[in-house]
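Chemist: If you're matching them up, the sequences are chains X and C in order.
Just so you know, the numbering used here puts 182 at position 182 of the first sequence, and the rest follows in order with no gaps.
Just so you know, the numbering used here puts 78 at position 78 of the second sequence, and the rest follows in order with no gaps.
Source of the hints: derived by calculation from the structure; they are not laboratory data.
Bear in mind that the values here come from a model prediction, so they are computed numbers and not experimental data.
Misleading hints may appear alongside valid ones.
[As the list claims (entries may be wrong)] Short derived list, chain X residues pointing at chain C, Cβ under 7 Å: (1) Leu9; (2) Ser23; (3) Ser27; (4) Leu30; (5) Leu58; (6) Tyr206; (7) Leu208; (8) Ser210; (9) Leu211; (10) Leu237.
[Unchecked claim] Some residues of chain X that are not near chain C, with every Cβ distance over 10 Å (derived): (11) Gln47; (12) Pro106; (13) Ile223.
[Stated by the list, open to error] Okay, the calculated beta carbon distance ranges per label pair: (14) Leu60/C to Asp49/X: 33 to 41 Å; (15) Leu302/C to Leu30/X: 22 to 30 Å; (16) Asp121/C to Arg159/X: 58 to 66 Å; (17) Asp160/C to Val70/X: 57 to 65 Å; (18) Leu14/X to Val269/C: 50 to 58 Å.
Every residue, glycine too, gets a C-beta built ideally from N, C-alpha and C.
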Amino acid sequence: MRRLRPYILIIVLLAAWEIAARSGLWSPILFPSLERIGREFWLFVSQPDGALQTWISLYRTFSGFALAAVAGVALGMLMGRSPWAAGLLDPLFSGTYAVPKLALFPIFIFVFGLGSLSKIALVFLECLYPMTIITYHGARSVNRVFIWSAQNMGASRMRTLVRVVFPAMLPYVFAALRVALPVALIVAIITEMISSVDGLGYLISYSLSSLKTDRMLALVVVISILGLVLDRALVALRDRLVYWEKLDAFYA
Amino acid sequence: MKRTIALVAGICCATLAAAQEPTLIRLGRGFAAEEQVWLMSARPDLAPNQGKKYQLKQILFQANPQRFQAYLAGELDAGTAPGLSVIFARAQGVDMKIVANVCQEAAGPNWFSTTYMVKDDGPVKSIQDLKGGTVGVVEYKTATDLWARAGILNGRLVPDKDVKVFSLGFPAMGESVRSGKIQAGTFVEPFYSAEMAKGGLRKLFTAREAVGYDHELLDVWFGEKFLKAHPDVVRAFLADYVAVTKYYLANTEQAKRDLHKAGFVRTPVDIYVKNADWKRDPDARVNVDSLKKLATFMHDKLQWLEKPVNVDQMVDQGYLPK
């Protein structure tokens, strides 16, 4: 029973969907049954084009996400360890965090073109904020004793940063990555829905134009599975790299 | 006791008043080329049955799929839509019927036809020159997409393979062509006139030329349940609709000024009244043959339909005035 617990809510939701779909209260075009969604899902995963379209979306997601991870960690570390840099950058990040960057997409299209670059640029911008801000707080919260110890042992500023500050803030970096990764996937899909000739977002938009709600929902399932797999992979990587967190929890 | 009697009497009066109220038509409308439909709300004095035999509530939608979803969710009784979109909807089993024409893509100097334009000094001189390039359309599987693909096929090129078809908003089309982001774009009024005034663009082909025959652009549709439940209401609505269409055709400038005043159109009024207009049938008759040809093209050439659609079953002009 304990093993089933994480799935109970999902099973209940699926059952509720199926009951609603078969109740006849709503049009099956708007509310297709699980069987129809499943059939479209199978059609998608069994065709080579499905893998290609998924890869295109993932390529855009990972490209923007990776760039934002590198830039965000560097900026966050800089802000966390340099009051001057924090004073310069913090107002900019705090002041523009709430701006819906998606509104800038038409400008991005003009600057970076209609292809992948404009989408990657927007994914980068959307992910940069959580990456920088969470990493910044991680860099600020590094135990001073660790830094003093390193300095007393003669470590240079760069060595202290790489060998002490970075590992100490690694749990925050992973927290930031976990926040930014679904954002990257969502933005990649939305930009494809707005303007693209390929990718999962384009297929969703195409299915909606044809009133193929079952196909559209099958694609939503594909994206959900991708999001889940990517998050689990990130958690597994975190558990492997930030192993002391588990040890801390064990000895606590 | 007196209070109870007064309450019961009040409820009875309210129920009777509600029963006498004319049937409400919830109509989903778009934002272009539907002037005579909008005029029914902007100038209700032109529609004598309105308020007596029916009430009209127009609801604005930005795209066709949302309009059909609202209908399926029970939020609409009728609407305007491209004939092509109704073909899609019927193919998915949506129970709706086209009852009247709004406007057509037609040949002739008096009518506007959606135009695909390229850079005046650019390398694209003919459709064949589009090879390796991109054509901007408003949304996939819309009329603009169909015309673009038909035009590409006319140039013996393969859509998606030789020429990409890309979704862009109308406002972005002009600058996208000028900056070379796309090689050809779709232009409807009022964007067409505005871009022509700016200069630097020229026509490559029109929607009419791409398809090769006059055909339905926009139509009025009703849900089949509503048609069965309220045939007289639909007849009264269409009688007014035809009267308003005739008024619009005879007094286009005044009608456009009224629409602008009522807030249906945001284009500066002086530009709007001068814009070329699509062909509108004064009796709102539907060109059924053109819909049949479009459905065949969608099925055979574009593979947009999984199975053929019976166009005769999706058009019912029996509610139009004789």
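Chemist: Against this structure, judge whether each hint is valid.
Modeler: Hint check results:
Hint status for Leu9/X relative to chain C: violated, with the closest Cβ pair at about 26 Å, above 7 Å. Because the beta carbon of Ser23/X sits about 14 Å from the nearest beta carbon in chain C, more than 7 Å, this interface hint is broken. Hint status for Ser27/X relative to chain C: holds, with the closest Cβ pair at about 4 Å, below 7 Å. The interface hint given for Leu30/X is met, as the beta carbon of that residue sits about 5 Å from the closest beta carbon of chain C, less than 7 Å.
Taking 7 Å as the C-beta contact cut-off toward chain C, the hint placing Leu58/X at the interface is violated, the least distance being around 21 Å. A cut of 7 Å between beta carbons decides the hint on Tyr206/X: the least distance to chain C is about 5 Å, and the hint holds. The closest approach between the C-beta of Leu208/X and any C-beta of chain C is roughly 5 Å, which is under the 7 Å cut-off, so the hint is satisfied. For the restraint placing Ser210/X at the interface with chain C, the shortest Cβ-Cβ distance is roughly 6 Å, inside the 7 Å limit, so the hint holds.
With its C-beta approaching chain C no nearer than about 4 Å, Leu211/X sits inside the 7 Å limit, and its interface hint holds. Interface restraint check: Leu237/X against chain C, minimum CB-CB distance 36 Å, threshold 7 Å, status violated. The Cβ of Gln47/X sits about 15 Å from the closest Cβ of chain C, beyond the 10 Å cut-off, so the non-interface label holds. The Cβ of Pro106/X sits about 6 Å from the closest Cβ of chain C, inside the 10 Å cut-off, so the non-interface label is violated.
At roughly 19 Å, the least C-beta separation between Ile223/X and chain C is larger than 10 Å, which holds for a residue marked as non-interface. In this structure the supplied range 33 to 41 Å holds for Leu60/C paired with Asp49/X, their Cβ-Cβ distance being about 36 Å. For the hinted restraint 22 to 30 Å between Leu302/C and Leu30/X, the CB-CB distance of approximately 25 Å keeps it satisfied. Judged by the Cβ atoms, the range 58 to 66 Å given for Asp121/C and Arg159/X holds: they are separated by roughly 60 Å.
With their beta carbons about 35 Å apart, Asp160/C and Val70/X fall outside the hinted range of 57 to 65 Å. Distance hint for Leu14/X and Val269/C: a CB-CB separation of about 55 Å, consistent with the stated range 50 to 58 Å.
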